[in-house]
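*Asks:* If you're matching positions, the sequence shown starts at 1 in full-length UniProt numbering and goes up one per residue.
Don't read these hints as lab results, they were simulated from the structure.
Just so it is clear, the structure is predicted and the values come from calculations on it, not from any experiment.
Be aware that one or more of the hints could be misleading.
Okay, the calculated beta carbon distance ranges per label pair [said to hold, decoys possible]:
#1 Val82 to Ala10: 18 to 26 Å
#2 Lys25 to Ala70: 30 to 38 Å
#3 Ala110 to Thr74: 18 to 26 Å
#4 Ala110 to Tyr20: 24 to 32 Å
For each residue, glycine too, the CB sits at the ideal point set by N, CA and C.
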Amino acid sequence: MSVSIALLGAMAVLYACGVYLLLDKSVTRIIIGVLLIGNATNLLLLSLAGPPGAPPIAGSGTSSDPLPQALILTAIVITFAVSAFLMALVYRSWRLAQEDRVERDAADVAIGQGDAPEPEEASADEESEFDRPGAEQ
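Sequences are here, hints too, so could you generate the full structure?
*Replies:* Structure (structure tokens):
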């Protein structure tokens with residue numbers, strides 16, 4: 001199976017641009033990054049489908065595997081649904097805050113500096129309704 005160098009280059013560029021856009025603060029760019037990574041994954045599945053130029057089902061010689069093509073169609077639908085959901089969230093956020101940026105809060109800054117607070121542990125003398133086997137709700 002020989003995969004085209006152009007296809008590998010396109011996948012690499014799409015993955016790189018998608019990750020770069022995911023790391024931005026603009027929510028619109030984050031959505032575009034998710035879409036680019038989804039398209040790069042579709043190209044990856046297409047490259048795994050079989051030898052280029054082979055008939056998908058019938059024909060002489062080795063045929064292409066139809067499973068990656070079905071996975072690509074499923075991935076397209078999932079990417080569309082996720083992008084529609086993210087766009088609805090961005091629209092709602094825009095209507096509430098009139099802003100398209102993800103801001104850093106005090107907890108993000110503390111984690112970035114390595115001053116993350118220790119997770120709170122439940123003390124042994126505290127009772128919880130989940131600890132008792134016959135707890136009533």
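*Asks:* None of the hints should be skipped; say for each whether it holds.
*Replies:* Structure-based check of all given hints:
Evaluation of the 18 to 26 Å hint for valine 82 and alanine 10 yields a pass: the beta carbon distance comes to about 21 Å. At about 37 Å, the beta-carbon gap between lysine 25 and alanine 70 stays in the expected band of 30 to 38 Å. Against the hinted window of 18 to 26 Å, the Cβ-Cβ separation of alanine 110 and threonine 74 comes to about 40 Å, which falls outside the hint. At about 26 Å, the CB distance of alanine 110 to tyrosine 20 agrees with the hint of 24 to 32 Å.
In terms of the numbered hints stated before, the structure departs from hint 3 and from no other.
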